[in-house]
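Mind docking chain B on chain A? Use the hints.
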Amino acid sequence: MAIDVATVKKVASLSRLREPEDRLQALSGELSGILGWIEQLNEVDVAGVEPMTTAVEQPTPLRDDVVSDGDKVAQVVANAPKTAEGFFIVPKVVE
Amino acid sequence: MSNLTHLTLKDAVDGLKSKQFSSAELTDAFIGAIESANPALNAYVETTFDKARAQAAASDAKLAKGEGGRLEGAPLGIKDLYCTAGVRTTACSGILSNFVPTYESTVTQNLWDDGAVMLGKLNMDEFAMGSSNETSHWGPVTNPWKSRGSNAALTPGGSSGGSASAVAADLCLAATASDTGGSIRQPAAFTGTVGIKPTYGRCSRYGMVAFASSLDQAGPITKTVADSAILLQSMCSHDAKDSTSLTVPVPDFASFVGKSVKGLRIGIPDEYRLDGIPAEIDALWEQGIAWLKDAGAEIVRISLPHTKYALPCYYIIAPAEASSNLARYDGMRYGHRTDKAQGLTDVYELSRSEGFGKEVKRRIMIGTYVLSAGFYDAYYVKALKVRRRIAEDFINAWNSCDVILTPATPSAAFELGDQAKAADPVAMYLNDVFTVTTNLAGLPGMSVPAGLDSQGLPLGLQVIGKTLDEGTVFAVGAALEQAAGFSAKPSKWW
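Protein sequences appear in the order of chains A and B.
Using the numbering used here, the first residue of the first sequence is number 1, and each one after it goes up by one.
Using the numbering used here, the first residue of the second sequence is number 1001, and each one after it goes up by one.
The hints are simulated quantities; they were obtained by calculation from the structure and are not laboratory data.
Values in this document were obtained by computation on a predicted structure and should not be read as measured data.
Just so it is clear, CB atoms sit at the ideal spot from N, CA and C, and this is done for glycine as well.
Take every hint as true, because none was put in to throw you off.
Beta-carbon label-pair distances, calculated as ranges:
| hint | chain 1 | residue 1 | chain 2 | residue 2 | range |
| --- | --- | --- | --- | --- | --- |
| 1 | B | G1149 | A | L14 | 43 to 53 angstroms |
| 2 | A | K72 | B | N1399 | 48 to 58 angstroms |
| 3 | A | K72 | B | D1252 | 31 to 41 angstroms |
| 4 | A | R23 | B | R1053 | 40 to 50 angstroms |
| 5 | A | G70 | B | V1300 | 49 to 59 angstroms |
| 6 | A | D22 | B | A1341 | 20 to 30 angstroms |
| 7 | B | Y1376 | A | V93 | 24 to 34 angstroms |
| 8 | B | G1086 | A | E39 | 41 to 51 angstroms |
| 9 | B | D1252 | A | V66 | 34 to 44 angstroms |
| 10 | A | R23 | B | A1378 | 24 to 34 angstroms |
| 11 | A | A74 | B | S1243 | 24 to 34 angstroms |
Isolated chain A (complex conformation):
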């Protein structure tokens, strides 16, 4: 399927990416090329096949519902772009 420039813009926005205008045309070609190549999967008969989401056969383990970690405020915010008194400082989002 061909991905036109408008679709590239939409996908970039869904991806929370902002690509410069002069890159959109090239991206349209690259993404179309990749998706066109992927189309060959349509040749495979998958009737009645269950989707495979993992290679692990064992059931997902459950841990006891107890507090096992915590009280690490300094570590949690250690890599934040901006912090104050153990909080993340984020840009103002409500005017």
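Then chain B, alone, in the frame of chain A:
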């Protein structure tokens, strides 16, 4: 003792235990080698020499008392994908360029618990997305190997290019790496080193920067098959912090190295004979078949009918998982935040667009597209069904064989800056054509150096095993290694 850096991991560990040299001497030898080589090879993106010297001193104290773990005093390189507490970990992405983890990955913790020494963090493709190490935020790695009569810089492969280059150039005894579609085995093949990706779930993914969680798996790059058994042994463990970590005992991998392959049935898949593959790759494959036959193995022709769909299947599943995993980089809690934003959407979009490289953005968009409303069933669910078909191919093959032999890569190392591959992402993706099937099926796969091409560049063979049967992979890998007698090293030009 001269040339301590040329030792294998096994010989170094034995030499340390028998006090032929100290960890401090060994560590200093590697520090000297890195200082002189790294400006040319760019294998390390961060060195931790002070930490290495402190760890070496602690190891020497233990060794002096006749104590110490299985890696006591052994200097290793760590792929920059593994979180190391207090040591910058970037996954070679601009968005994590200042990230200093406050915790340690389980795999690296296992190594330190066994006494290993950390020399530094190794270069890689950004978020492990690439086959040439050219997508790294810190610039490409150069392969220590060169084509005969040419001075052109070659790729060490990717994504674990730094690991492969460092091991091949004797800048560490061995290195950790990781493999989502071939990222351990392809660089190993390109550099004359040994790389193994174990069964999915053998190694904990806790503290490994995530790319595609259902495919990512840790493993070592080493100089010999015996070394890979030693290092993988340390890396594997059950870990409650990773819900896909297997609750199975880890066998003594080293005990399989040198074991006879007599009577083993070696599967040779028809579908791995591809058009346009260099004759030398096919010839090496035939040679490998002959070696195993000579060692008493039985050669069985098998069919893996869905092989050609593995790469397109992977290029839906891996980007889909990546687009979800990389949504965490939002400029809020850690990682790069733009200083040009006017509002909330601006912060997200500009932080991400400034922080991520071209290939990573391309894959996020592919992943977002195949998961978006209207395309989810046609692309993503379809790929998950094809993935099961590919896994079933192997299950059927195990009825007639015990292990599978294939080439590791469709070519030898190519030049950095290859224009055809830069212009066509699919041409670059084809590097993983022989390796990606095992990631989809969760199987162990090893690349063993088996010969040189006419340009003097190393080529590898791949051994694929059954789920949890790394033992047979080590036995066959070691048999190939012995028959090949591969001892070539790159001539030192750096």
